[in-house]
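S.K.: Line by line, the protein sequences are chains Z and V.
When the letters of the first sequence are read in order and numbered with my numbering, they come out as residues 1 to 311.
When the letters of the second sequence are read in order and numbered with my numbering, they come out as residues 312 to 585.
Bear in mind the hints are in silico, worked out from the structure with no lab data behind them.
Take the hints with a grain of salt, since some may be wrong.
Restraint ranges, calculated between C-beta atoms of paired labels, are given here [to be verified]:
hint: 1; chain 1: Z; residue 1: I52; chain 2: V; residue 2: E496; range: 29 to 39 Å
hint: 2; chain 1: V; residue 1: H563; chain 2: Z; residue 2: P269; range: 43 to 53 Å
hint: 3; chain 1: Z; residue 1: F115; chain 2: V; residue 2: E530; range: 46 to 56 Å
hint: 4; chain 1: V; residue 1: K506; chain 2: Z; residue 2: T112; range: 36 to 46 Å
hint: 5; chain 1: Z; residue 1: Q168; chain 2: V; residue 2: Q504; range: 54 to 64 Å
hint: 6; chain 1: Z; residue 1: G32; chain 2: V; residue 2: A558; range: 46 to 56 Å
hint: 7; chain 1: Z; residue 1: D38; chain 2: V; residue 2: G462; range: 25 to 35 Å
hint: 8; chain 1: V; residue 1: T337; chain 2: Z; residue 2: K180; range: 41 to 51 Å
hint: 9; chain 1: V; residue 1: A579; chain 2: Z; residue 2: Q264; range: 54 to 64 Å
hint: 10; chain 1: V; residue 1: S553; chain 2: Z; residue 2: F115; range: 47 to 57 Å
Don't be surprised by glycine CBs; every beta carbon is placed ideally from N, CA and C.
Below are the chains, spelled out letter by letter.
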Amino acid sequence: MNTPCRKAFTEKLLELAQKDKTIMAVATDSRGSVTLNDFAQLLPEQFVEVGIAEQNAVGIGSGIASCGKTVFVCSPSPFLSGRSYEQVKIDAVYNQRNVKLVGVSGGVSYGTLGFSHHSLQDISVLRTLPGLTVLVPCDAVQTKALTCYMAETEGPMYMRMGRNAVEQVYSENETFTVGKAKQLCDGTDLTLLAMGELVWPCKEAARLLAREGIYARVLDMFSIKPFDTEAVVNAAKETRRLVTVEEHSILGGLGGAVCEVTAQHYPVPVKVIGAPDGHIVAGESPEVFQYYGWTPQGIADKVKDWISRIH
Amino acid sequence: MEVEALKKKAAEIRRQAIKMVYQAQTGHIGGTLSSIDYLTVLYYEKMHFDAKNPQWPLRDRFILSKGHCVEGYFSILADCGFFPKEELDTFCQFNTRLIGHPDRCVPGVEMNTGSLGHGLSGACGTALACKLDDTNCRIYTLLGDGELAEGSVWEALMFAGNYHLDNLYAAIDRNHLQISGKTEEIMTLEPLQQKCEAFGFATEVIDGNDISSILAALERLEHISGKPKMLLLDTVKGKGVSFMEHAVKWHHGSLTKEQYEQAMMNLAEKESVL
Ligand SMILES: [Mg+2]
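Bound-form chain V, shown alone (with noise of 0.2 Å):
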């Protein structure tokens, strides 16, 4: 996809996301909107995958470590033609199997999390696994920044400069703030860089929701060979609505019918001068 179709798609996911958010009463929408133009990147244009054989054993594969921001992941993975659509529409609602974490129920899906910190170890262990068997599929993860704190991923972050995953990218989405406020004031990341080269990765940080610029990233990292790759997305929580953007609120939110309907406004304004 060019850019500006990638932009156009990433602003009918944030759509889709408000949508369920709103229908369903709940949701983590404040970090969804701040990762969705990076799924956007990875699902339309990086990643090779069959939708209708989800389990084709050559895909790349992403693991939502950070897995309470799935409605632009569910969304994206509906769009891709992964399940219909309308099953959207049963987000959070009795019996469904789109609950609020990614489950490997939902096809498409590669790991159930939910817990923070487990992703990147799958992650590895599933490049590990590809590197080992000759298949040049890349492992793609996201983390949350706040998810940092988990020890666990310091220890995944170990052995994937130990094994020189060079299959494996992982990318966190830093948009500085966790359900009880500032990152930095909760619990010190940075330097967050100076951290993931210390542990062996080769590391771009940019801005996480301008779609060049992770195009631009992913590419001069595609050309590294015998580390592991880390982004670090520099976002905005809640990036494209208003009165969402850097406020820790919407971490974890539900929307009046004035707010969903000033949120699809915005929405609207801000795809209009693509």
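Just chain Z, same shape as in the assembly (with noise of 0.2 Å):
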């Protein structure tokens, strides 16, 4: 069944919520895109409207924090990465406090809002703030799971989530270690790493280009901070040539923390697959992933394409 990373994340949040009563969600006028209303209603002494403030929503949940509680501010992606970017240095990471930052309608889930509305920035901005734990789950089941880990684990934490149903990658039960990437299947010929949405794709474009007799490694990147230096120099001595494929920007984002760990260790050829830096065309998210070629076919007719360039 395919379900929306943010249901799956306040489904999870709500039962965790309910048992542990320092748990508390701030949100920003957003618990409709979120998917917290449920939550405001069941438990409003643990619930926090801040209303359209992101920057005010980072500095009061990491106030509240202070005080032991463990606490999800929930916003869009846009404006929780962009809005809130010092308060997540200063009040969130600096601070060390146990803060969670949950970004919703990341990438282009909002496609037809234009720039403003993008999320296309925040990993690069936010993977180098010392301390602070990335994560962009895939599917449902990755998703809950990382909440769990995000609940249960001291420290600020950003993890974002696209807006749409997701195929489901995993099976319900998988479990997963922040820090270590998952191999969804193996091949010589190159590997494909991917994160979030678009992790599915890849598994997808992997059995396209075994039936032309190219195969693939796909890695699951979801752990962008902590990042899992030992699976991408694996990859690159094992298959030689790495594609990383991100609903982000071309720069700074998982092709940007791929090239540095491949330049610096093991130096291959990476082909960086993800949005221009420039103009993006307007279009609900499945017609922007088609344009761009994420898709499965859209990644596997890229891959044929540079392998024959760089050979």
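Could you use the hints to bring the two separately framed chains together as a complex?
M.R.: And the structure:
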């Protein structure tokens, strides 16, 4: 069954907060967009509405966390990562508060609403903050597991999710280790490294490529920070070519992280697939995905073309 | 502490702050001197804390939102026993933990600040959590007047009023100066009291360099429930050192040996007539 990650997140958060009264949710007039209405109704004493004020939301959340609470600040990711960047840097990260920043509608979820509503720089700006865990789940199963991890583990974190219902990549009860990539299939010719909504298309692209005799390893890089350097180096050594695929700018995101590792530890050719550093076409996110080739066929075609040119 | 003892303590803290700025050859001395009387009242009369157990959950909290005015704050924390006084000599020296802004690695510091416009949100969140936990803790924070141009301050003011945070005691060091000149010439702040009232605060406008006035104003505010509190501290930037008073150039600066000696003499003269 296809479930949007945000729905999986709020269901799990509600379940955890019913058991643990120190869990709080802070919203920025975002209870609808995050699907926090049930939480607000059922646990009003654990729900704090801040209004459309993302800077204040992170500051307030960090203040609440200073009193021993686990605070989930939930807001659309373009605003949470952009408007409140300095509050994330200072109030949450520098102060080492137990604040979980949950960005919904990441990437081009709001594809028709323009550049203001796209969140295509969030990973690049946030992954450089020291001590901030950065997670990008790809399906409902992983989202629930990471929500539990955030609730149980001390420290500031950012989790980015899309708005759409996504294909289920993992079976129920699959486990994840933050800091460790998840290998979805093995291959010898190249490795596809993906995060978030583009994990499933990569898995399918690997199947298409296999039909043509190209065997791709697929790694789900849901843990952007801490980053699984070892998995990247092993992929470079064993498959010799890396292709990163992300619903994010081609600058400084997953592609950047992979290149930082390979350039320093085991240089191999890397192809970065993502959003161009420029105008983003308007459209519902499936249309935008189609346009940029963020589909199984689109990814397979880009890989074939690239491989033929780097031989 | 009695009023006279508090005045003497404030004078002692001023001397220590001047010494730190002189030794380090750097520091935000003007706003430090304007705010020391208020900090002295908080730490030596009003706040409940345990310097040997800085994380005591039922402590009152103070957040220095105008984080650059840290010299008096560190001097007070050391004097209250949060860390050894000798460490004050490392202020702004290589590899010190006493950097030019509050940092939680220093015992007693509640929030890392530096960039302006952050402290009030942190104080509001802390105040809300303390109310949710049914504690009687009071949350104090001090903002600069120049700082009020930061939009995040007004988001937090709105929040405090909306949630009726009557355990929140915000104060503004209204010394009418900021780094480039007079606040009203840089960005109009007045009518400040009416603005705070409009956001739902109970307010007091007082001489912020007068210990008795500060004590009396806090006393009046403590009797008000259902509203966050705001003290508009009418202060003099550089207070206590004649050549620094009202002088914008002493927002930040270093002292020559002659200036240092003159400043210390000045403070000693004022203290002798207390
Ligand atoms: Mg000022």
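S.K.: For every hint, state whether the structure bears it out.
M.R.: Quick rundown of the hints versus the structure:
About 32 Å separates the C-beta atoms of Z/I52 and V/E496, a value consistent with the hinted range of 29 to 39 Å. Roughly 51 Å separates the CB atoms of V/H563 and Z/P269, a value that falls within the hinted 43 to 53 Å. Roughly 53 Å separates the CB atoms of Z/F115 and V/E530, a value that falls within the hinted 46 to 56 Å. At about 39 Å, the CB distance of V/K506 to Z/T112 agrees with the hint of 36 to 46 Å.
The beta-carbon spacing between Z/Q168 and V/Q504, approximately 59 Å, falls within the hinted interval of 54 to 64 Å. For Z/G32 and V/A558, the hinted distance range of 46 to 56 Å is satisfied, since their beta carbons lie about 53 Å from each other. Distance hint for Z/D38 and V/G462: a CB-CB separation of about 32 Å, consistent with the stated range 25 to 35 Å. Hint check: V/T337 to Z/K180, Cβ distance near 46 Å, so the stated range 41 to 51 Å holds.
For V/A579 paired with Z/Q264, a C-beta distance near 59 Å keeps the hint of 54 to 64 Å intact. Between V/S553 and Z/F115 the CB atoms are about 55 Å apart, so this pair conforms to the stated range of 47 to 57 Å.
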